[in-house]
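Heads up: the sequence lines are chains Y and X, in that order.
Throughout the first sequence, residue numbering follows our numbering, covering 192 to 315 in sequence.
Throughout the second sequence, residue numbering follows our numbering, covering 192 to 315 in sequence.
Because the hints were derived from the structure by calculation, they are not lab data.
Here the structure is a predicted model, which is why all the values come from computation and not from measurement.
Careful, some of the hints might be misleading.
As the list makes no split between identical chains, a pair holds if one copy fits it or if it spans any two.
[What the hints assert, rightly or not] Below 25 Å or equal to it, Euclidean Cα-Cα: the simulated BS3-like pairs (lysine-lysine) are:
{"id": "1", "residue 1": "K215", "residue 2": "K279"}
{"id": "2", "residue 1": "K254", "residue 2": "K229"}
{"id": "3", "residue 1": "K204", "residue 2": "K254"}
{"id": "4", "residue 1": "K229", "residue 2": "K202"}
{"id": "5", "residue 1": "K229", "residue 2": "K215"}
{"id": "6", "residue 1": "K202", "residue 2": "K254"}
Protein chains: 2
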Amino acid sequence: MPQHYTPINFKAKLAAFHTRWAPKIIAAMNDYHFKLAKIEGEFVWHTHAETDEVFIVLGGRMKIALQDGEVALESGELFVVPAGVAHKPSADTECHILMVEPAGLVNTGDGPAGELTATTGEWI
Amino acid sequence: MPQHYTPINFKAKLAAFHTRWAPKIIAAMNDYHFKLAKIEGEFVWHTHAETDEVFIVLGGRMKIALQDGEVALESGELFVVPAGVAHKPSADTECHILMVEPAGLVNTGDGPAGELTATTGEWI
Numbered sequence: 192m193p194q195h196y197t198p199i200n201f202k203a204k205l206a207a208f209h210t211r212w213a214p215k216i217i218a219a220m221n222d223y224h225f226k227l228a229k230i231e232g233e234f235v236w237h238t239h240a241e242t243d244e245v246f247i248v249l250g251g252r253m254k255i256a257l258q259d260g261e262v263a264l265e266s267g268e269l270f271v272v273p274a275g276v277a278h279k280p281s282a283d284t285e286c287h288i289l290m291v292e293p294a295g296l297v298n299t300g301d302g303p304a305g306e307l308t309a310t311t312g313e314w315i
Numbered sequence: 192m193p194q195h196y197t198p199i200n201f202k203a204k205l206a207a208f209h210t211r212w213a214p215k216i217i218a219a220m221n222d223y224h225f226k227l228a229k230i231e232g233e234f235v236w237h238t239h240a241e242t243d244e245v246f247i248v249l250g251g252r253m254k255i256a257l258q259d260g261e262v263a264l265e266s267g268e269l270f271v272v273p274a275g276v277a278h279k280p281s282a283d284t285e286c287h288i289l290m291v292e293p294a295g296l297v298n299t300g301d302g303p304a305g306e307l308t309a310t311t312g313e314w315i
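Please construct the entire structure, taking both the sequences and the accompanying hints into account.
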């Protein structure tokens with residue numbers, strides 16, 4: 192009997208959690224993770240010295256403050272924060288995003304560890 | 192003056208090409224590429240021995256036949272084809288997808304090179 196594999200459905204996965212700024216791993220590709228997050232309000236300034244980081248907006252709007260400017264993203268838009276560039280994500284209202292980054296990356300990078308620092312290993 | 196950076200808009204990028212099965216690079220993250228493609232009909236069976244490959248459907252529906260079964264994806268769904276697994280993407284009607292894979296990967300993998308084999312370096 193042929194197997195019927197199940198795809199990963201963003202809406203179904205997003206319905207499974209509510210905490211803001213707590214990315215959940217939904218898929219692995221080689222040594223990278225795909226993570227969903229619900230964001231609202233302001234994150235902390237931080238930098239990932241060794242890796243680029245991809246943000247894709249699935250619903251709502253977000254901004255990413257960068258060291259010399261900013262970018263505004265809406266649903267269906269992608270932005271790559273280059274390695275070494277300080278950035279601070281924010282969203283005025285709830286926004287749903289997909290992030291792609293190396294497995295094990297700490298969400299607050301070199302920024303101050305605190306209540307926004309997320310365990311990177313939580314799969315949903 | 193702060194810079195206003197421009198995000199990558201999937202719809203705008205998709206409007207820029209029409210050829211089926213000819214992935215276009217829209218972003219780079221470290222040594223990976225994000226590629227948009229318009230697919231319709233059947234691709235060829237092939238395998239990427241050394242890397243997983245991610246498919247995300249942005250619009251429409253697609254299937255991926257796998258060596259022991261298949262998966263059906265619709266808009267807002269993701270599937271990871273593991274390294275070494277033979278697969279054959281198809282779509283009954285036009286489908287728009289985002290793929291994530293190592294830079295330089297040949298779309299037909301170890302399959303027969305032919306008219307579907309795409310240059311991997313084309314950015315839009």
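Checked hints:
{"no.": "1", "hint": "K215 - K279", "in the structure": "within (19 Å within a copy, 29 Å between copies)"}
{"no.": "2", "hint": "K254 - K229", "in the structure": "within (13 Å within a copy, 29 Å between copies)"}
{"no.": "3", "hint": "K204 - K254", "in the structure": "both (23 Å within a copy, 21 Å between copies)"}
{"no.": "4", "hint": "K229 - K202", "in the structure": "both (12 Å within a copy, 23 Å between copies)"}
{"no.": "5", "hint": "K229 - K215", "in the structure": "within (9 Å within a copy, 29 Å between copies)"}
{"no.": "6", "hint": "K202 - K254", "in the structure": "both (22 Å within a copy, 19 Å between copies)"}
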